[in-house]
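J.: Sequence:
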Amino acid sequence: MGNSFMKEIMRINRIMLSTVIVMVLAASWYYQASWENWVKSLAIIGIVILVMITKKWRIKRMEKELDERLQTITYYALAIGFYTTLIIIFWFYLKELIIDGNLSVRTQVELCGGVCGYLFSYLYLKRKY
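136 is the number that my numbering gives the last residue of the sequence shown; the numbers go up by one with no jumps.
Honestly, the hints are just simulated from the structure, not real lab data.
Treat the hints with care, since some could be wrong.
Said to hold, decoys possible - Dumping the calculated BS3-like pairs for lysine-lysine here, alpha-carbon to alpha-carbon at most 27 Å:
#1 K62 to K47
#2 K62 to K14
#3 K47 to K63
#4 K63 to K14
Computed from a predicted structure; not experimentally measured.
Modelling step: build the complete structure from the supplied sequences, incorporating the hints.
T.: Now the structure itself:
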């Protein structure tokens, strides 16, 4: 197994966990969180950083055990997670459209973000592989 797969797994983990940190900070800032909520947000960020360090340690420790099977499992896990998230966003999209008759800006942004994520990941993976 090449070192490029290890780098790709590490990069995916850093991107995913860093995105969670940025989302927590952006939400706290945008919704003008109180002092107590900022402390809770910083606690969540601390846990995410701990997870990031632990995952990095575990992945480097397992480097010799990685093979094509694990690469396939990782791909399917990411694909299933992404499609599940997109389905949930689409559920709220339909719920707001049917019950309320209009869509909130938040749902529109979530749906556009999910579709853009799908398209950009497709184009990136098509170019890479």
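J.: Please go over all the hints and tell whether each is borne out by the structure.
T.: These are the hints, each one checked on the structure:
no., hint, verdict
1, K62 to K47, "23 Å, holds"
2, K62 to K14, "13 Å, holds"
3, K47 to K63, "24 Å, holds"
4, K63 to K14, "11 Å, holds"
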